[in-house]
Amino acid sequence: MSNSVDKPYDFATADFNAVYRGGELLADAEISSVPWDIGEAQPGVIEFESLGRIRGEVLDIGCGLGDNAVFLAGRGHRVTGVDAASAAIEQAAERAKGTGIEFAVADATSLAGYEGRFDTVLDSALFHTLDAVSRQRYVAALHRATKPGAWLNMLCFADVPGGMPAPLSVSEATVREVLAEGGWAVTDLRRTIYWGVAASTKTFLAKVGSKVAIDDQGRTQLPVWTVQAERA
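Residues in the sequence shown are numbered consecutively from 1, following the numbering used here.
Everything labelled a hint here was simulated from the structure, so no lab data went into it. Hints are not guaranteed to be accurate.
What follows is a list of derived Cβ distance ranges for each label pair [to be verified]: (1) Pro148 to Gly100: 24 to 34 Å; (2) Glu102 to Gly162: 34 to 44 Å; (3) Gly218 to Gly22: 34 to 44 Å; (4) Asp216 to Gly56: 19 to 29 Å; (5) Arg75 to Ala132: 27 to 37 Å; (6) Ser110 to Gly218: 32 to 42 Å; (7) Lys147 to Asp216: 25 to 35 Å; (8) Gly100 to Pro161: 35 to 45 Å; (9) Gly98 to Lys211: 36 to 46 Å.
Every residue, glycine too, gets a C-beta built ideally from N, C-alpha and C.
Based on the provided sequences and hints, a complete structural model is requested.
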C-alpha cells in the first residue's frame with residue numbers, strides 16, 4: 001500500500017537552507033523549524049554502530065546538523081560530514097567543535113574530490129529527498145567516493161501505512177533496484193523507526209492523514225527502512 005496526498009509536495013526542490021535558518025521547508029507544507037533536529041543521534045545510527053557497521057574512513061552524507069557524526073566521532077571513528085545546505089554545515093561545525101570531524105558543503109550527486117576515499121557511508125534520511133534521476137546519480141557518486149568492499153548504511157522513509165506520504169517515502173523495491181543499478185549489493189533490509197520533532201510536523205502530518213506514534217518526549221516515530229549494502 002502506497003501513501004499519497006491529493007497534492008504531492010515537491011520535496012526535491014525544498015529549500016533546506018531556509019529551514020536551517022528558521023524558515024519553512026516548503027511554502028505550503030507547514031513544516032516549521034528543523035523537524036529532524038532531535039539533538040542526538042538517530043536510534044538507527046546507534047544500532048549501525050553497535051552492530052559493527054562503521055569502520056575506517058566514514059562519510060556522513062546529508063549530515064545536517066551533525067549529531068550523528070558527533071556520536072560516531074565520540075565512538076572513535078574518523079568522520080567527514082557533508083551537506084548541500086551551507087547553513088547546516090555552519091551549525092554542525094559549531095556543534096562539533098573539538099571532535100575532529102571534517103565538515104564541507106558538497107553535492108551528494110557528484111561528490112567531486114572525494115574519489116576512492118571512504119570505507120563506510122552513513123545516509124540518515126537523504127535518499128528519500130531525491131527524485132528518481134538524482135537517486136541514480138547519487139548512488140553512482142557514492143560508488144566513486146568509496147573503496148572496493150565499502151559499506152553503506154542507510155535510513156530511508158518507508159512507503160508503508162503510517163509513514164510519511166509520497167514522494168517523501170520509498171518502496172522496498174525502489175531501494176533495492178536503485179542501489180543494485182548503482183553497484184551496491186543489499187545485504188540486509190528491514191524496518192525500524194526514525195525520530196522527529198512532533199511540534200514541527202504535526203500540522204503537516206494531520207493534513208496528509210498520517211497517524212504516527214509520538215513518544216513521551218514529543219518525538220514522532222516514523223517507519224524507515226534500515227538498509228545495509230556493500231559496494232560491488
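A quick look at each hint next to the structure:
| no. | hint | result |
| --- | --- | --- |
| 1 | Pro148 to Gly100: 24 to 34 Å | holds, 26 Å |
| 2 | Glu102 to Gly162: 34 to 44 Å | holds, 37 Å |
| 3 | Gly218 to Gly22: 34 to 44 Å | violated, 19 Å |
| 4 | Asp216 to Gly56: 19 to 29 Å | violated, 38 Å |
| 5 | Arg75 to Ala132: 27 to 37 Å | holds, 35 Å |
| 6 | Ser110 to Gly218: 32 to 42 Å | holds, 37 Å |
| 7 | Lys147 to Asp216: 25 to 35 Å | violated, 43 Å |
| 8 | Gly100 to Pro161: 35 to 45 Å | holds, 42 Å |
| 9 | Gly98 to Lys211: 36 to 46 Å | holds, 42 Å |
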